Amino acid sequence: MKIRKILAAITSVALVGTMLAGCNNNGDSSTPNSPANNGSTSNGDNSSTPAPATENPEKDVTLKVWYSQAEKDMIEKMCDEFAKAHPDQNIKFEYGVCEGNNAKEEIQKDPEAAADVFFYAPDHTAEMVASKVICEVTRNKDDIVNRNLKPSIDNVSVDGKLYGYPVNSKTYFMYYNKSMFTEDEVKSLDTMLAKDIEGVQYNFCMPLLDSWYTPSVFFAAGCNLMGENGDDPTSCDFNSDKGVNAANTLIDLFANSKFSPDKAEFTEQYKDLFAQGKIAACVIGTWKAADFQEALGENYGVTVLPQITLADGTKAQMSGFSQYNAVGVKAGSKFPITAMDLADYLTNKENQKIRFDTISDSPTNKELAEDSAALSSNAAVAANAAQCAYTKLQSSVSQMGKYWSNMDSFTAEIKSGAVTKDNVKEKLDVTVEAILSTGLSE
Amino acid sequence: MTNLDYYVMPWYQKFFVNIGLFFVSVGKGIAHFFCAIPGAIAGFFKMIVRGLAWYGKTLASGSIGTKLSYLIMGAGNLLHAQFIKGLIFLATEVAYIWFMINSGWTNILKLGNLGTTPRAEFFDEVYGIYRYPEEGAYDNSMLILLYGVFTIIITIAFISMYVANIKSSVYADECKSTGHKPPKFIDDIKNLFDGGFHKTLLFLPIAGILVFTITPLIYMISLAFTNYDANHQVPGNLFTWIGLNNFGKLMNSNLPLGKTFWNLLGWTLIWAVFATFLNYIGGIILALGINRKGVPCKGLIRTLFVMSIAVPQFVSLLVMRNLLAAHGPINETLLSLGWIRTALPFFTDPVWAKVTVIIVNLWVGIPYTMLMVSGILMNIPEDLYEAGRIDGASPVVMFTQITMPYILHVTTPYLITQFTGNINNFNVIFFLSGGGPETLDYYQAGKTDLLITWLYKLTVNSRDYNYAATIGILVFIILAIVSLVTFRNSGSYKNEEAFQ
Amino acid sequence: MAKNYNTGRKVASGVIFVVLLILGIIWILPLIWIILSSLSTDTGQPYTFIPKAFTLNNYKNLLFDAQQFKFVKWFLNTLIVAVCSCIGSTLMVLFVSFALSRLRFKARKPLMNVALILGMFPGFMSMIAIYYILKAFDLTKNPLVCLTIIYVAGAGMNYYIAKGFFDTIPKSLDEAAYLDGATKSQLFFKITIPLSKPIIVYTILTSFMAPWGDYVLPSLICGTDYDSYTVAVGMFKMITREFISTYYAQFAAAAVLVSIPISLLFIKMQKYYVEGVTGGAVKG
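Chains as they are written, first to last, in my numbering: chain S, 91 to 532; chain C, 173 to 672; chain L, 1486 to 1769.
Please note: incorrect hints may appear among the correct ones.
[Stated by the list, open to error] Derived SDA-like pairs (lysine to any residue); straight-line CA-CA distance at most 25 Å: (1) S:K199 / C:E293; (2) L:K1594 / C:T589; (3) L:K1537 / C:T505; (4) L:K1756 / C:N463; (5) C:K629 / C:N599; (6) S:K492 / C:V632; (7) L:K1558 / S:E184; (8) S:K182 / L:Q1553; (9) L:K1594 / C:S332; (10) L:K1594 / C:I328; (11) L:K1594 / C:T505; (12) L:K1495 / C:L549; (13) L:K1591 / C:I328; (14) C:K629 / S:E195; (15) L:K1545 / S:Q159; (16) C:K629 / L:K1495.
Calculated directly from the structure, the hints in this document are not laboratory data. From a predicted model like this one, the values you see are computed outputs, not experimental measurements.
My request is simple: use the sequences and hints to build the entire structure.
Take a look at the structure:
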């Protein structure tokens, strides 16, 4: 309301102040006063007539929902179903398009105009909590915690408080061309890279220049990021001996002409490269499953990441980040109860099943995730689940904000040749220092 | 060096002399700029003092109406039967006072510490959820700052109205005492289309610039003196004034931030010099080639080049980026031809990336220079050549003595705007390399980032608004000095009226 | 001797022509490549210059399948913004440049210096402030209105080239008009404007073209309001990670569709563009 007052004042001052006042249309200076919004009236009702906690006092509700454009139809349908399931309420929806990765930025830009319910990437949890734009999950919390996998809950919790409704799990695993590798060969990266296949440019592609993928080698070598459980913002041992070992492995790998270290944006070409027979295997997540299936046809193969031989000669299973995306509710939503119910609904078992069926999403719902019969119908989701056993949870502490760009820089410098086996320790020290720095003051 | 020395020089020497002079004048300009600051401040205070003296004197000597206008705006005009004008002044005063009481005064008061009550949730026992206070029930430092700046701008506008009110009353008094009739409202309106036509013309543009350029700008400049960084994000946190700390951090090359700043400043200047002069030279050569007598199909060739700039820039830059990508057509073709073994590191190797952006910028920029130089070539007065021919000058002499000097002379201002434009050339870097390759040496920046793209990354990626604002101010100071100096030295500013 | 000289000249011209032609082809190659990829049957990012097979499907999908990308809507949005802002901006520019060129008043030089200084601040920082100012006016729900207002409001600062043009109109015309009893507004509307066709065309065309290529500001203002995107924001979205593998060819098609009208305009206005840019500079 303060804004409106200022506006009214400004308009009148501006109009009146037309230097020597050439305008007569003073009628314009009356600012349109929009009717009192529903939110404040219904809030007023709340305080005067407290209803029992189970009943939702929000009757005329308008909820704004952000979704990824690719999921438009699916989410809108789910929202309609939600409205149908609540006949006592008059629920209207407004939609906006916002990818999970951008949700933090958009909501911080203008919290007031932001969506009530939105999808977001878990590594932004702590930052959103710090700037108080996301609501703690309290309503129906026990059920949410019980029905979802534990790591998915941990991924969106800060200091033991839950801030999101887990919706899917994402990690990366390997797709390969069955006509080029046998099921035995794909178990070892050495074997895969050693093989000579005609017409193939790269035996193995992985976007290792992207910091989301880099930990697969560091974790394989036994390193930890943000402590063992990913909740200690002061700890990162990538510059230990183990880290040096991992970095040396990366240096060797980058130098291998049969391996292509890519930036994440180049993964878009994997489909075409598969179709052309130019690559034999690549690493990426479930979202490419349909593309690759189309490109490879009956040669479509999918499995967990292979074993890698580290620089010091030991063999280790390649690891990686597992990320559990979630739905959040905006702090300060005018209809928090309905918004929370909607978020709850969008991530329940039935809707996770729909997501699994329509867009190959890997579920976080325990019953779905443990139903191996259902999962095996989708090889990629099955591989995703299998790979999750080897991965570490992608930390959600706000310090992660420093991790991404600095790790990108480190691998970019390996690629450009600035990091060599001689200076790798110093470079890792710089990287770790930058990852753990808490601001610019020191 | 005398004028004569200059005129007998070959054109290329003149060119270097011009460049030399340019940098000399930049130096001089910087000196002038800083020397002018005390003068400007003194002038400002002199103006204030003079204004206050006038204010006091008029109060003492003015008529009843004028004296009344000091308190009640428009009173003087009302007493002289200038009703509409008087009422407008009165309405302005009422609106301003109403605004100040309602929110203006709080806006200004809160500017002092940018708010004290952070957004805090409270637990709603009945429904078992957290609720948050309504907008306005807590302090949002960002909005406080913005509205504070806005209030100040409104206050300044009001003060100018207030002064106009007194002046208007004094003028009406004068008219009365000399026996004229004070101007009627209709006369004022008429005046707005004649003597005061500039007010009518400039009112909307200035209002627009005041609201959408100057207010945001002052807001931005203020941010440089706050701690609005990644750790102080609204609405959950408050930020406050911290003085010149940010400037200190940015200038200190021992800190990651300062190191990044100086390195990027260096690259920005290198980039601007290469991008400007290579484009300039390339464009001139191209234009000379196309406009050479005897070259066929001029129109066709020119159209080929013009096509490339007619396409929206972000499209052509993204296309270039895809062409040069690690698995893009150029690399793939070369690989399949067997000419290279590994993909060329167009955007992954720092040196390659720097060269790549400069070369692609040539692709973008040369046609512009070519177009302009073509225009100039057609405009060279034919009698100059005629005179040359009569003197028996060879084509080479005519070229070095007439064509080149003319082009250089005419395009100097263009060269300067290009130089400042390239320092702020966001598009080419943002769409082409995105600042990459990333490096551990810099804070939140890659090897090809310019200051301006770094600034953008700081606001979008790490939300360090305070540092971004500080960089913005420093970039501005560099540009302001360069362009004020060169603009002042350019003929069009000095001999503005020469052609009228 | 003279004959040798002439043949030498002809040979030189021929060589220059060939070099220029090759350069011209190099310059145009990326554009040809984008046209080719818009016709490709592969919908993803190409890695060859010439597609394996040609089809018009990408155009068809782009125009008629609004499932993911509402290109037609975005195109119309941009057109609306471009038309409105070019009318507003042109008026603003003409007002300011006429006032600064033909009228004399106390604040003239300071205003010119201030405009020059303002143009040198990097605009990105203030974009979020602009957003909140527009929000205070309750406009942010209509991103297209916001964009138009921002473009028009800032247009006055780009007076430099038009002022250079007005400066070249002989002052004697003004004096003659004043002698005939014309007011300053009459001078502006009846004498100066009719003489200023090239610069008006130049201003209209440049301000019309600006919204088509602007990305950063519209992406902030439009935010999550998908239906209000401009083509630049929408097309950038087409080549983000999620979509590029399926929509690159459509992006190329969109690029071609946007570029055709803009290029035609630009090629038409070349003459005015050159006059505009050199007009200010010729006086040097």
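Hints, verified against the model:
1. S:K199 / C:E293: holds, 20 Å
2. L:K1594 / C:T589: Holds, at about 20 Å.
3. L:K1537 / C:T505: Distance of about 14 Å is within 25 Å: holds.
4. L:K1756 / C:N463: holds, 15 Å
5. C:K629 / C:N599: Satisfied, since the Cα-Cα distance of roughly 13 Å is no more than 25 Å.
6. S:K492 / C:V632: holds, 14 Å
7. L:K1558 / S:E184: With Cα atoms ~19 Å apart, L:K1558 and S:E184 stay inside 25 Å; holds.
8. S:K182 / L:Q1553: holds, 23 Å
9. L:K1594 / C:S332: Since the Cα atoms of L:K1594 and C:S332 sit roughly 19 Å apart, the hinted pair holds (cutoff 25 Å).
10. L:K1594 / C:I328: Within the cut-off at roughly 20 Å; holds.
11. L:K1594 / C:T505: violated, 58 Å
12. L:K1495 / C:L549: holds, 21 Å
13. L:K1591 / C:I328: Distance ~19 Å between L:K1591 and C:I328 Cα, so the pair holds.
14. C:K629 / S:E195: holds, 13 Å
15. L:K1545 / S:Q159: Roughly 20 Å separates the two Cα atoms, so the pair holds.
16. C:K629 / L:K1495: violated, 54 Å
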